[in-house]
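Based on the sequences and whatever the hints tell you, model everything.
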Amino acid sequence: MNFYFSLQFKRMYRHIDEFGVIPLIGFAILIALYIWVSEAIFKNMEQASYIYMSIGLLLSLKLGSVKRNIFLKKCFLPEAYWKVRILENTLFVLPFSSFLCYKQAFIEALIIHSCAIALSFFNTIGMRSITIPTPFGKKPFEFVIGFRNTFWVFPLLYTLTFIAISVNNYNLGIFSLIGAFVCCMSYYSKQEPLYYIWVHSMSPKEFLNHKIKTALLFSSILLLPIAIGLSFFFPLSTLQITALFLLLGFCFICVTILGKYSNYPSQVPIAQAFAMLISILFPPLLLLIIPLFYKRAIKNLNSILTC
Amino acid sequence: MLSITNLSKSYRKKQILSAIELQFNPGEIHGIVGENGAGKTTLFKCIAGLESHEGNIQYTSVNIKNTIGFLETNPEFLSKITGKEYLQLLCNARNIKDVNFEAQNIFELPLKQYAETYSTGMKKKLALTGVLLQNNNIFILDEPFNGVDIHSNLIIKELLKSLKEKGKIIVLSSHIFSTLEDTCDYLHYLKDEKIKKTVKKENFSIIENLMKDAGFKEKIKNFNIK
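Residue numbers (the working numbering), protein chains in the order written: chain A, 1 to 307; chain B, 1001 to 1226.
It is worth saying that the hints were derived from the structure and are not from the lab.
Just so it is clear, CB atoms sit at the ideal spot from N, CA and C, and this is done for glycine as well.
Keep in mind that a hint or two might mislead.
[Unchecked claim] No farther apart than 25 angstroms at their CA atoms in a straight line, the calculated lysine-lysine pairs in the DSS-like style are these:
#1 K1112(B) x K190(A)
#2 K1097(B) x K213(A)
#3 K205(A) x K1219(B)
#4 K1097(B) x K139(A)
#5 K1112(B) x K138(A)
#6 K1112(B) x K139(A)
#7 K1219(B) x K67(A)
#8 K1164(B) x K1201(B)
#9 K1191(B) x K1166(B)
#10 K1097(B) x K138(A)
[Said to hold, decoys possible] To give an idea of the chain A side of the interface with chain B (calculated C-beta under 8 angstroms), a few residues:
#11 T131
#12 P135
#13 P140
#14 I145
#15 Y195
#16 V199
#17 S201
#18 L247
#19 F250
#20 C251
As structure tokens, this is what we get:
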């Protein structure tokens, strides 16, 4: 069991190393980023502790995936398997519970730990064979797969928007909007096999336009309830802010797609990831990044799509 | 006509293919045979444009890639994509519209099920269906009979005949010699980076004997099973 956990640490270490960052610095950045995001949630939202708790628990559900658990059951005897699951879930929510304790939300910290332990006795088995219906079936694959992986996120975000409207908390509504955008962007985080690009009888320009158009259309469908809620139920003065967030969100979806294909089949390198991060803090940078990534993506796709 | 001249491929310092010369005419089925690791898949990937290479590949159409249907040895399927969505993706990619997938489901696959949950043979059949739906002119089929049941095997053979009659170019690989005998017009023996021998249907036994003559009995004897 000790070996398993040290192996997990090594894997994380290697991931950061492959990303082109000195692992110790990488860990420091991750911790700093984590604290920054957590502080931002607590600073801007009234029900922050509940949202924070939900995020932690929802993310810990990933540890209950079928493939992982089949693998773990193959590796460990039943007793050791349950120990690993409980320990993993506990360790996973530890940063969340620690921050909740720091914010003196002790009951929530206790709840998150109890729930995490309870969740270790369940996994997502059975979901694998059930085909989840999706409205995006005509244009596979990113939104089809993404929607099936995160279908539960959107009702949650819509509920948050509803709560935001009920308690007149605009920041909470914007949080839902950002959450929806992050979710849509995550659909483009995985690199597909080369065949799935090669098979297109399109020029690189047509291919990218097709990908971007599909992403903008489908993300608009998913974002629509939140956008309508924010536009109609909050004062007119917030409309411009909502429009700005929508515009930026769509731009970041484009950047994610362009970033992915400008490096394919490699992952986004550190310099590029850094540029994307900076553009979140300083959005005018997008005006420079989008054409740059577009040009690179065209060049990169040229070797795959034109031969 | 699809003609390959002086095609060479290496991975770093390791030469995989060197000076390959092949010609494929419409309405012909060509089989590429060779041991595991001989370079058959690499050759197929080079023809399809999935691998960079030296030498020339010429076809009457300007962009050969857009008219090639490539069946991989082990087709990769994305998670949480149904069989039908996979076919839709392949058709969308080639701008093929209004396909009735249920009617075209020649292998009677469970199209509403996630493709990743299919068996090896079912995956192969799904990928082959996708390639067929694209209305390609050239078919590069890497081990199309691998893992497929007898009934489907017969269907594939009939499909190949139909494609041949329609004047398509078909290049395939297989380790099952009887299947090659049934389907191919020409066989090309790939060994030590090169096409060692090309024979017509009536002389397939030459290649069969060449492949059998690999001294394996001696190797088994030396293995010294206890």
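For which of the previously enumerated hints does the structure constitute a violation, in increasing order of number?
Violated hints (numbers, rising): 3, 7, 9, 12, 18, 19, 20; every other hint is consistent with the structure.
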